[in-house]
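Visitor: Take a look at the letters that make up each chain.
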Amino acid sequence: MSDNILDVIDVSKIYGPVKALQNVSLSVRPGEWLAIMGPSGSGKTTLMNIVGCLDSPSLGRVILDGLGLDQLTAGELTAIRREAIGLIFQQFHLIGYLNALENVMVAQYYHSLVDEAEALEALAKVGLADRAKHLPRQLSGGEQQRVCVARALINHPKLLLADEPTGNLDETNEGLVMDILHGLHRQGGTIIVVTHSPEVAQHAERVVVLEHGRVASDSRGADFSDPSGASQTA
Amino acid sequence: MAGKGTRARNRAFGLKMVLWSLFRRRSRLLVALTGVTIGATVLLGLITLCYDIPKQLGREFRSYGANMVLVKDQVGGRLSAGDLAAARAALPAAQLVGLTPFRYEAVRSHMLPYTAVGTGFEDVRRTSPFWRVEGLWPGAPGEALVGVDVSTATGLGPGSLLTLEGRDSRQVRYEKNFTVSGVVSTGSVEDGFIYVSLADMEAMTGESGLVDLAEVSLTTSGGQSLEEMAGAVQTAAPGVEARLVVRVTRSEETVMGKLTWLVYLVTLVVLTLTMICVSTTMMTVVIERRKEIGLKKALGAESRSVAREFLGEGLLLGVLGGLLGSAAGVGFARIVSHSVFGRGLSPEGHLVPVTVAVSAAVTVLASLWPVRRAVDVEPAAVLRGE
Ligand SMILES: Nc1ncnc2c1ncn2[C@@H]1O[C@H](COP(=O)(O)OP(=O)(O)OP(=O)(O)O)[C@@H](O)[C@H]1O
Ligand SMILES: [Mg+2]
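So the sequence lines, in the order shown, correspond to chains A and B.
The opening position of the first sequence corresponds to residue 100 in the numbering used here, with each subsequent residue numbered one higher.
The opening position of the second sequence corresponds to residue 4 in the numbering used here, with each subsequent residue numbered one higher.
Some clues are possibly wrong.
Claimed, not checked - Derived lysine-lysine pairs resembling DSBU-like cross-links, with alpha carbons at most 30 Å apart:
1) A:Lys257 - B:Lys294
2) B:Lys294 - A:Lys224
3) B:Lys19 - B:Lys294
4) B:Lys179 - A:Lys232
5) A:Lys232 - B:Lys19
6) B:Lys75 - A:Lys118
7) B:Lys75 - B:Lys179
8) A:Lys257 - A:Lys232
9) A:Lys224 - A:Lys257
10) A:Lys224 - B:Lys19
To be verified - Partial list, computed: chain B residues near chain A (C-beta under 7 Å):
11) Thr9
12) Arg28
13) Glu231
14) Leu298
15) Gly303
16) Glu305
The hints are simulated quantities; they were obtained by calculation from the structure and are not laboratory data.
Everything numeric in this text was worked out from a predicted model, so none of it was measured.
Beta carbons: idealized from backbone N, C-alpha and C, even for Gly.
Work out the full structure: start from the sequences and follow the hints.
Guide: Right under this line is the structure:
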């Protein structure tokens, strides 16, 4: 029995003729900060969905926090998502008829109990205190993304899965979000960030590069001094 | 830590989510609400008509006259005032339209024999609404109504003087003058009779409190059947025979029976149509919001609570649509009733809560299947796309 928080073992995901993931294996230690990079269509989101219990692999196994996901019922998977995982979506997925504050509170609602003050504070941390009462359609892409970040972190998840959390942000706001991730990291949270940006990847302790659904490289610390090097050219 | 107040706040948030979802998506709400409202309108409108048509037809049938006749059970016997009172008391007041006594006497006028009939004119108008009177109905003592055949034969008309002669109960001759107030045509044997008030007849013959027969008009929509009522009369007034006027009652009851089936059938069809209309609407609503369902599940919402929220919305939509539809349905039924029967209708108040309940139940039921399907889908599948 490993003491990894996550073991992805020989996982493939096949959509008809498309092999989104092919025999991917990956282990993550508790408290680790991992960046996943790779060209568009290389299977990054697919992998995040499988690790986040939103989807199941066609082949292979995933062990999360000691639990084999293939053995769990839908209800148990839901409980893991609720209790242990924070999700930042590439497409934000805010609820259109709820304002920014309420969108954050929804995560509290399903997790435990709503706490407006805490939700407001989370919005303030991503620089959106004055946008709390705006509906998603009244927010810019970057603002929506930051609401999504606040929502993912509101329940202090053990494992944060962030799919392009800074894709729409300027430098200042990217800095804000990275500060928040550092905060979670300091508290012992495990972070997996999908990103195209070498600057964002630089914050991570380890970078995994996917290409055509396979792990092309997996490098740690010092090896990762030049993120735009070999691993970045697809 | 999780005090009572915080948990209440959670419940409030859940409820507010349902409300926000309905009222911040106004155009969507309108589409769904329209669907539910139309369903409820048709439902209430048709059910109201279904309730109303038998009543209207019952009224039409009653214009064909009495459907029960009371006579004494031995030949030549006469009904006493006590018999009539007992019979009247035995009949359900709500179903009794009228009870008219008739007393027949052989009389002469200008040497020719006639049948004079003593009756209550107010009652006749109720039990025989088909009598057509030219001139006026008798209103004062000493006024008489002559059948149209008598009028043709003798030239008597409104305003004419009429002398009736005969022998009273003690075989003493009498002679009494009447003024003809009107001429009655019924299209039947009654056209050959002369009608006076029962009081005048009794004064003339010196014999009171006895009549030959009484005609009774009863409604059969709701309450007791004619047979039951006839039985009740015969039990309450011994010696009285209650005969049903077969020709009218049979057809009335057959048609009513058929109509009742029609009512059930139409209601069933309308309910099915409402169900299809509403479930199509709810299906669209839910499919449109699969992403939201996927997201809530991704955030850790249990399928059960997501389903509860959607069904809560369905319930609210159903109640709202049911209320709006009830108002519209009553109007719809009014217009139809007016153009078909030329009469307004009395709205059945109790149908409104029924319609609201049915509409809410149908909306929730209709949402059940699409919500269940959406909730069963893996979140990744619905969150991807577009
Ligand atoms: N439901 C699906 N049906 C068919 N093909 C799919 C499905 N989901 C993903 N794919 C395919 O799998 C491959 C990987 O998709 P994925 O979304 O994981 O890529 P990605 O690395 O996240 O790309 P990007 O950087 O553009 O977000 C793509 O070729 C995509 O077309
Ligand atoms: Mg992606």
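Visitor: Which numbered hints does this structure break?
Guide: 4, 6 and 13
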